[in-house]
Amino acid sequence: MKIGIAVFPGSNCDRDVHHVLNNVVGLQADFIWHTKDRISGYDAMIIPGGFAFGDRLRAGIIAAHSPIVQEVKRLAKDGMPVLGICNGFQILVESGLLPGALLMNDSLRFVCRWTKVKVQNNHTPFTQAFSKREEFNIPVAHGEGRYVATPDIVKDLKKKNQVVLQYSHDDPNGSTDLIAAICNEQGNVMGMMPHPERASESIISASGSGEAIGIFRSLASFLEQRAVA
Amino acid sequence: MAQKFLVQVIIENKPYINDPEGETIHRDLVVKGGYSQVKSVRAAKMLKMTVNANSEKDAEKTVQKLCEELRIFNPVVSNCTVKASKA
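Protein chains in written order, with the numbering used here: chain A, 181 to 409; chain B, 17 to 103.
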């Protein structure tokens, strides 16, 4: 199983994701530079957090036009699991792979702290290791994390079970319906604001449990099941 | 004959979206500063583009097109207005 990690000028969580996948979960992960317009031999793609292109104009928009994202769009259409974390979520939204927008937090401040999320959909490649309504500790670190969409889009997301994670203990950014993660209609593309790669090992987890590793373990088991089938 | 035009692009969040920046400016500066006749503030972003075109209308058309094509604004949450004048 090989996972690609897209890297842009300004990505800064790429190495954390690489470490967790290779050294903790036991999947093989490689960095792929943003100029690459053909990707083959990979089973899933992760777009990590950071500040791609310095968040110029607005977070994610410049990266959304990059060659690698055009390729990720094509692969996502064919069903490849794609996970966007933080800035990666912003890039997925700006590229049109996920609906809505991520605006400046309602506090107008960059928020960097531990919070909790609840799993509302455990049928995605990134959440199948959790049980429904399971809560886990995970940190957020973002300035533009307020998820917003038209009331029609939000209604549709709920109806089609595309709200994957919701903040469950507090409201770090003012997101509509406390949305922390959504997926596309097919379920193979997910974007999340919190950082699972920073909560996958007990030594660096506030709760001491590193339970957010379930996001990556879900992907590993999803890919294994698919390989067998 | 092509002339230079200055095109102002204003990107503003749609009315259904909270604007904490505008609210803070209104509450903490404008009203506290004694201007209670000002009833609201909305924050927006403006881009100024210098464009070669045959007329103001042409310049606006080019910029409107590029704003939509290149997603200079996110159409789900923002409106975009384009206004040209002679540079």
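Heads up, a few of these hints could be off.
As the list claims (entries may be wrong) - With a cut-off of at most 25 angstroms between alpha-carbon atoms, the simulated SDA-like pairs for lysine to any residue come out as follows:
hint, chain 1, residue 1, chain 2, residue 2
1, B, K30, A, R406
2, A, K335, B, S94
3, B, K61, A, R406
4, A, K253, B, K48
5, A, K339, B, K48
6, B, K61, A, T330
7, A, K338, B, C83
8, B, K64, A, R236
9, B, K30, A, R397
10, A, K335, B, N34
11, A, K253, B, L86
12, B, K48, A, L288
Derived by calculation from the structure, the hints in this document are not laboratory data.
State the violated hints by number, sorted upward, taking the hints as numbered earlier in the document.
As far as the earlier hints go, 1, 3, 4, 5, 7, 9 are violated by this structure, in ascending order.
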